[in-house]
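Engineer: Start from the sequences, fold in the hints, and give me the full structure.
If you read the sequences in order, they're chains A and B. Residues 1 to 634, numbered by this note's numbering, are exactly what the first sequence covers, in order. Residues 1001 to 1636, numbered by this note's numbering, are exactly what the second sequence covers, in order.
One thing to keep in mind: the hints can contain errors.
As the list claims (entries may be wrong) - With a Cα cut of at most 25 Å, we get these calculated PhoX-like pairs of lysine-lysine:
| id | chain 1 | residue 1 | chain 2 | residue 2 |
| --- | --- | --- | --- | --- |
| 1 | A | Lys233 | B | Lys1344 |
| 2 | A | Lys233 | B | Lys1389 |
| 3 | B | Lys1493 | A | Lys236 |
| 4 | B | Lys1244 | A | Lys455 |
| 5 | B | Lys1463 | A | Lys233 |
| 6 | B | Lys1464 | A | Lys233 |
| 7 | B | Lys1244 | A | Lys25 |
| 8 | B | Lys1463 | B | Lys1377 |
| 9 | A | Lys233 | B | Lys1493 |
| 10 | B | Lys1461 | B | Lys1389 |
| 11 | A | Lys320 | B | Lys1464 |
| 12 | B | Lys1451 | B | Lys1377 |
Keep in mind that the hints were calculated from the coordinates and are not lab data.
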Amino acid sequence: MIPGSKAVDTMEETSLLKTLMAQIKEFRRPTILTPVCMIGEVIFEMLIPLLMASIIDNGIETGNMHHIVTTGLLMLLMAAGSLATGVMGGVFGARASTGFARNLREAMFDNIQTFSFSNIDKFSTPSLITRLTTDITNIQMAFQMTLRMFVRAPMSLITAMVMAFIINARLARIYLAAVGFLAVCLFLIIRKATGYFRKIFPRYDDLNESIEENVRGIRVVKSFVREDYETDKLRKASGNIYKLFTKAERMVILNAPLMQTTVYTCIILISWLGAKMIVAGNLTTGQMMSLLTYCMNILMSLMMLSMVFVMITLSQASAKRICEVLDETSDITNPENPVMEVADGSIEFRNVNFSYKTADSDAPEEARGKPAEKGNARTGGKERVLHVLHQINLTIQSGETIGIIGGTGSGKTSLVNLLSRLYDVDEGAVLVGGRDVRTYDLETIRSKVAVVLQKNVLFSGSVLDNLRWGNENATLEDCRRVCRIACADDFIEAMPEGYNTRIEQGGSNVSGGQKQRLCIARALLKDPKVIIFDDSTSAVDTATDARIRNALIHELPETTKIIIAQRISSIAHADRVIVMEDGHVDAFDTPENLLADNRIYQEVYESQVGGNADFDEMLPEGELHVHARRGGEA
Amino acid sequence: MPGPGGPRPRGMKTTVKNPMQVLGRLLAYVARNYRFHMILVFVLIIAGVLANVQGTMFTRTLIDDYITPLLKTQNPDFGPLARAIMRVVCFYAIGVASTYTYQRIMINVTQGSLRDLRNDLFTHMETLPISYFDTHAHGDVMSVYTNDIDTMRQLISQSIPQLINSAFTIVSVIVSMLILDVPMTFVTLAMVGLMLVVTRKIGGQSGKYFVAQQKDLGRLNGYVEEMMTGEKVVKVFSHEEQAKEEFRALNNQLFDSADKANRFSNILAPVNGQLGNLNYVVCAIVGGIFAIYHISGLTVGALASFLTFNRSLSMPINQISMQLNSIIMAIAGADRVFKLMDEKPEEDEGYVMLVRARRSGDALVECKEHTGLWAWKHVHQADGSVEYKELKGHVVLEHVDFGYVPEKEVLHDISLFAKPGQKIAFVGSTGAGKTTITNLINRFYDIQNGKIRYDGINIRKIKKADLRRSLGMVLQETNLFTGTVRDNIRFGKLDATDEEIEAAAKLANAHGFIMRLPKGYDTVLTGNGSNLSQGQRQLLSIARAAVANPPALILDEATSSIDTRTEMIVQDGMDKLMNGRTTFVIAHRLSTVRNANCIMVLEKGNIIERGTHEELLEMKGRYYQLYTGKQAQAAG
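Structural biologist: Here it is as structure tokens:
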């Protein structure tokens, strides 16, 4: 989109250019050939007016039909040349720019795949999407424009000028003066106008954001009967945009009268002086006609050049945002000589301190670009305490069932995220299977330490496709087995096409509880040594939750099971429970002991009256369609 | 649910049923407020074109009438030439002035129309029923405001004036040509016909690939959106390589169609340009033959002038063909804008109003000031007599049936009543119809059968706005608005004083965390309050309902995102809020529903059990199972 705020200085510009140009790769040939063809086109185009003049002067004026025909044919030959170069330039230009865009997109996507969780937090999802879509499109357009025009326009300007001087140096000086005058004026106008536009676009984003809030929060607006209030707000905002836009465009339209006045002045001067010179015998009528044609050429190319400049200036912000992604290096990488085997599910935390990188200082830019990005750019700072985890020391045996309980923001999720190296500790060490997690191969540790994320996602594709994320080679039988453990088999088989039923993007056609159970099954397919449930049965009813827990204990006795839960019944049968409070471990003991002497545990217990306090989702199976239809209702 | 924003290029639908009709409607829309401006612009464009043509004609007079005679005289007198040039200067001045003026006017027309369009669109959108928002993807609605209105800016400010300009230029050039020489004009027109055929051919190709490109782009963007949203899951499952592979396939497909689409649109200009040159040469040769052999009285000067016209003919034709693509896109956009404008607004046939009242003896009297007393103002249609009835919060549902679509009933024969000040709770599984019932009470949706009465009045007779004003709502999904914390709470009552706001925040137990925010009540919230935790957002939405001080409340999972310990703290505020008000509560936490006056257990759209907590436990039915977690019959 349009530039954020700060001017990009020359140093930065060079490095941006370098990063971007590196992605031209196999399209180097068309990238070079495009301007070459454009130069060819310009040369032919400039020769044509000469021939046109000759047709009038030496053909029509003297009644020489032979000359008209031969020159005409020569001119057609030139036109053919111009056509060939023009078409080729177009073809190469299309290839170079779309290829460049393809490479950029691929490089970005590939690099994002290497990102760690904290890299992702830093950019935020909507911002990454904008960078991969709108920004790339902007760059593609600017690139094509540059290839085709950036050489062509000055070339055409120079050639026309040279031709004009060859025809008549005295008259051509008028053009020189005109070009100088126009160049200065255009520069001033553009500078002023882009300044205005830079101011407008953030406001524009605000306007859209406010509309989006209304679309999203329409129930709130309507239930408080605030339709008129919101409409007034929008009217003010759109009125403001109107004022700013008219101001900026008043600047932009100065271009046209300026151009026209200059062109007309030139024409008049050439006509007057030219007429005198013709009478004096220093100029022919044909030459004068050619001069007038070149006049248009010169001024048009100047106009074109100014457009290219605007385009480049405006696409700078996009370039910057793309380069930020390309230049980002993952802060979690595979170690050298990684360990490929996880011995068992034992876990140890040694003096662990952990904090999230403050996203605020790192990524101030993206919040400006698009409406949807605003505010989301800082999701990384969700728990914005300095130390999210403080001096954690824990030892867990392989095969144990561990519960974790604590208030929102107490550090439960952060704690388990360290186990599969989704984040790295600041200080201390996390050991799985007796080794520091940072010594394992990333893929190994992540497949052996399975996490069922709190904010989980299903992908469009069949149920089976989704399950096989856990293990590509899983047979239908394997899938059935894990679904039985996750209590997902019943509802899957009740679905119209069983395991082949299509899941819509984001799993929008399954209920919250069903989604969670599918996600559990998917993680189980990894055959992990450690499995972590991050509040992942919150939408499953108490009874089913209990069945899943039972199945886990019986089917996966060797696997260490870590359960984060709000609901005390989910962890009441754990071997031991970790009580988290403000980033440290308040207690780590059996549920019985905690109930006896831990204040926090007792309070949570009390608040839930003996354990079975929730009426959760007991979705009658097979009610898929109800949910699919009413996305907005729940 | 909405995509995470950003423009989502959708599969572009190039097929608008009646493109001309849409265009006409757009012009009519613009003309509504800018009729005079438009006429003036039209006149100015034509004046500009005429002045320019006069300028071009000058080339002929310059050579034929001035230079050629001057060449023949011994003592050339440049006086007539100077006068002619002065005349041309005037024409040019008129041209420049009219071009500038029309562009200047067009800025106001364009930006003003866009402003009106946005305002109208938004105002209209705010009147649409909830069902519209439930059945349309939020991203698609947003894209009407962003992408579609943007394409219309192009159309109004550039394409249409350009089109008028080009069309008129073409007409006037052709007329001038006809004046100069008729046979030559036909030769030129034949060549122009050829140009049009070729343009159509290439343009068609380009359009075909352009559509393919939009489709591929939409598909790729969809994939990007899905993968970026699930990027953390991709990491957890080490699925990076597969994702790259899939992406590469889509990316290559897009490259292929984008390459072709761009190729055809790029070659259009040089092809047209060279056809223009061909046109020139043909005319020169034919004209040369005419002039030299004196076939049609064509003079040398006229031929020179004719050839200039010939060149100025290719320019507008080129311009029209360049504008064609963006016009098609803009019409598709305008079509979507008008579709949204044509959506039927919520119907409101209610006439009973909610008014402030005070007691005067036994009777209720309408008044302006806050009294804490509200009355339903019932103007009888028959005789115009006015009746006031105190608002108490007595809600009755009688044999209510409802379905979101007629074929599928979601609620069957629901009957219940809530006496003033009572707390009614709904429990049951997702999809049982809990939220649906509350949506019916405030008329987000209308019932198909049965009756809902509010203080004895059929809610259909109550003005929707007034009905909703009497019902406070706190929803599970909290929606905050960009603005300060104070603004967000004030949303509940626009004229609330700062003290009232603080009191409401204290009631909801939100005051504490608000004071810890960097700027307290003046902290600006953005992106739906993304800098707050889910629990804090819920506290704010409770405060927002509290400041509205409505006689009745609907709480739909209002405390579900607050952990149980915090909830105990909030509960206190909630109890205060509910005190003395009729309240409908949906919750899955026992603590929230236990002290309700009546608990309704819903299943598959039916109330299967009802009673107080104790009564229901004694019944040992479904509620008992839910409460104790004991599974009598296998349910799920």
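Engineer: State for each hint whether it applies.
Structural biologist: Against the structure, the hints come out as follows:
1. The straight-line distance between the Cα atoms of A/Lys233 and B/Lys1344 is roughly 23 Å, inside the 25 Å bound, and the hint therefore holds.
2. At roughly 34 Å between alpha-carbon atoms, A/Lys233 and B/Lys1389 are farther apart than 25 Å, so this suggested pair is violated.
3. At roughly 20 Å between alpha-carbon atoms, B/Lys1493 and A/Lys236 fall within 25 Å of each other, so this suggested pair holds.
4. Taken as a hint, the B/Lys1244 and A/Lys455 pair is honoured in the structure, with Cα atoms around 23 Å apart against an allowance of 25 Å.
5. Proposed proximity of B/Lys1463 and A/Lys233 is supported: the alpha carbons are some 24 Å apart, at most 25 Å.
6. Among the hinted pairs, B/Lys1464 with A/Lys233 is consistent with the structure: their alpha-carbon atoms are about 22 Å apart, no more than 25 Å.
7. Taking the CA atoms of B/Lys1244 and A/Lys25, the gap is about 19 Å. The hint holds against a cut of 25 Å.
8. With a CA separation close to 11 Å, the supplied pair B/Lys1463 and B/Lys1377 stays within the 25 Å bound.
9. For the suggested pair A/Lys233 and B/Lys1493, the alpha carbons sit about 16 Å apart, so the restraint of at most 25 Å is met.
10. Note on B/Lys1461 and B/Lys1389: the hinted pairing holds, with a Cα-Cα distance of about 14 Å set against a maximum of 25 Å.
11. Simply put, A/Lys320 and B/Lys1464 have alpha-carbon atoms about 50 Å apart, too far for the 25 Å limit, and the pair is violated.
12. Under the criterion of a C-alpha separation no larger than 25 Å, the hint pairing B/Lys1451 with B/Lys1377 is consistent with the structure, at around 20 Å.
Comparing the model with each earlier hint shows violations of hints 2 and 11; every other hint is respected.
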